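Number of protein chains: 2
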Amino acid sequence: MYLRALLSWTELGRRSISSEDLARCVGVHSWQVRKDFSYFGEFGTPGVGYPVSRLAGQIKRILRLGGSKKAALVGVGNLGRAILAYSGFSRYSLEIAAAFDCDLAKVGQVIQGIEIEDIARVSVLRDRKISLALLAVPVGAAQEVVDSLVEAGIKGILSFTACHVAVPRKVKVINIDIAMDLASLPYYLPSG
Amino acid sequence: MYLRALLSWTELGRRSISSEDLARCVGVHSWQVRKDFSYFGEFGTPGVGYPVSRLAGQIKRILRLGGSKKAALVGVGNLGRAILAYSGFSRYSLEIAAAFDCDLAKVGQVIQGIEIEDIARVSVLRDRKISLALLAVPVGAAQEVVDSLVEAGIKGILSFTACHVAVPRKVKVINIDIAMDLASLPYYLPSG
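If you read the protein sequences in the order shown, they are chains A and B.
My numbering numbers the first residue of the first sequence as 442 and each following residue consecutively.
My numbering numbers the first residue of the second sequence as 442 and each following residue consecutively.
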């Protein structure tokens with residue numbers, strides 16, 4: 442969240458930012474900002490603030506976003522197309538470099554400059570050194586697809602599929618469940 | 442996450458579930474499951490497990506998902522269309538009941554059974570008693586749109602827009618930033 446805020450500030454051309462402004466943007470107290478950053482060394486200058494782009498670079502290194510990273514999209518339905526059209530990945534030096542689907546009518550189509558490939562050939566990811574995948578396939582297909590991704594050397598999966606998938610301990614899965622997030626909102630609202 | 446797991450089990454026709462199975466599905470220890478549920482009363486029967494649908498109903502009440510809830514989609518671009526096409530909301534008794542866009546060429550079009558309305562008329566949400574919104578507009582438009590949603594009585598916003606938006610304290614915003622989630626994966630991966 443700090444990185445996201447700092448990148449927004451970079452895009453606006455700001456060169457330094459106070460812990461108060463950062464705190465407001467991220468939604469924490471400014472002492473929390475100062476405490477968090479103190480773990481990684483002293484970045485800020487009293488009265489001047491934090492150097493925006495240097496701090497962003499430092500956090501990118503901590504998050505291992507130093508070099509450019511490639512990801513593969515698996516499942517090019519409505520959601521998959523929206524993901525391909527989404528331009529926000531480059532901010533974090535991420536690039537969707539491949540797309541796969543099981544529907545042979547889609548294979549060979551080019552969307553957003555990316556040619557859709559046959560999911561049966563997902564093993565090519567290992568040769569292309571792509572170790573991240575975005576999973577946007579139907580629930581029924583999820584586990585089988587994930588097994589083949591793990592087999593192909595995928596190490597991190599961002600899953601949009603609303604079911605649990607089993608992976609070896611060395612593979613990290615982050616789930617995005619839009620319906621669950623929306624469903625959590627009423628809890629915070631005044632009743633009635 | 443418990444609710445999500447229980448709903449999946451309901452859909453598979455299971456009537457009871459052990460704390461061990463629930464724990465595996467959610468990714469915690471079984472003692473955590475038993476501890477969490479003990480806060481809300483005794484649900485489980487030793488040797489039999491938890492009654493799936495009764496427990497799901499109980500958690501729905503805790504999360505104020507008892508009755509059906511309506512939400513409005515604001516911004517019908519690629520992502521907005523994917524959201525409209527997504528069928529996972531009904532699981533949580535949620536329904537997208539309206540859609541708005543500022544592009545007059547889109548206004549009047551019907552997508553997934555929902556007619557796109559002019560964003561200038563978003564104030565109708567108050568009369569229709571819709572208090573949840575999904576925000577899928579470009580960064581530059583986000584704050585202005587959010588201001589008009591708050592004015593229209595919206596109390597909860599699920600935002601897909603990669604920028605911070607300011608809202609009154611009584612309004613809850615949950616952010617979904619797909620790029621940020623993807624960017625967090627490399628941190629967990631073996632280096633190299």
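It is worth saying that the hints were derived from the structure and are not from the lab.
No experiment lies behind these values; they were computed from the predicted model shown.
The C-beta atom is built at its ideal place from N, Cα and C for all residues, glycine as well.
A couple of the hints might just be wrong.
Claimed, not checked - Some chain B residues judged to face chain A by a derived CB distance under 7 Å, without partners named:
| id | residue |
| --- | --- |
| 1 | 476 |
| 2 | 478 |
| 3 | 504 |
| 4 | 510 |
| 5 | 529 |
| 6 | 533 |
| 7 | 551 |
| 8 | 552 |
| 9 | 597 |
| 10 | 609 |
| 11 | 613 |
| 12 | 622 |
| 13 | 624 |
Taking the hints in turn, this is what the structure says about them:
Interface hint status for residue 476 (chain B): violated, as the beta-carbon distance to the closest one in chain A is roughly 20 Å, over 7 Å. Because the beta carbon of residue 478 (chain B) sits about 17 Å from the nearest beta carbon in chain A, more than 7 Å, this interface hint is broken. Taking 7 Å as the C-beta contact cut-off toward chain A, the hint placing residue 504 (chain B) at the interface holds, the least distance being around 5 Å. Given hint, residue 510 (chain B) at the interface with chain A, holds; its Cβ is 6 Å from that chain's nearest Cβ, closer than 7 Å.
Taken as an interface hint, residue 529 (chain B) checks out: its beta carbon lies about 4 Å from the nearest beta carbon of chain A, inside 7 Å. The beta carbon of residue 533 (chain B) is positioned within 7 Å of a beta carbon in chain A (closest approach about 4 Å), and the interface hint is therefore held. A distance limit of 7 Å between C-beta atoms decides the matter here; for residue 551 (chain B) the minimum to chain A is near 16 Å, and the interface restraint is violated. Because the beta carbon of residue 552 (chain B) sits about 11 Å from the nearest beta carbon in chain A, more than 7 Å, this interface hint is broken.
Because the smallest distance between the Cβ of residue 597 (chain B) and any Cβ of chain A comes to about 4 Å, under 7 Å, the interface hint for this residue holds. Because the smallest distance between the Cβ of residue 609 (chain B) and any Cβ of chain A comes to about 12 Å, over 7 Å, the interface hint for this residue is violated. Given the 7 Å rule on beta carbons, the hint for residue 613 (chain B) holds: about 4 Å separates it from the nearest Cβ of chain A. Interface restraint check: residue 622 (chain B) against chain A, minimum CB-CB distance 5 Å, threshold 7 Å, status holds.
Satisfaction of the interface hint for residue 624 (chain B) is found here, the shortest Cβ-Cβ separation to chain A being roughly 4 Å, below the 7 Å cut-off.
In this structure, the earlier hints numbered 1, 2, 7, 8 and 10 are contradicted, and the remaining ones agree with it.
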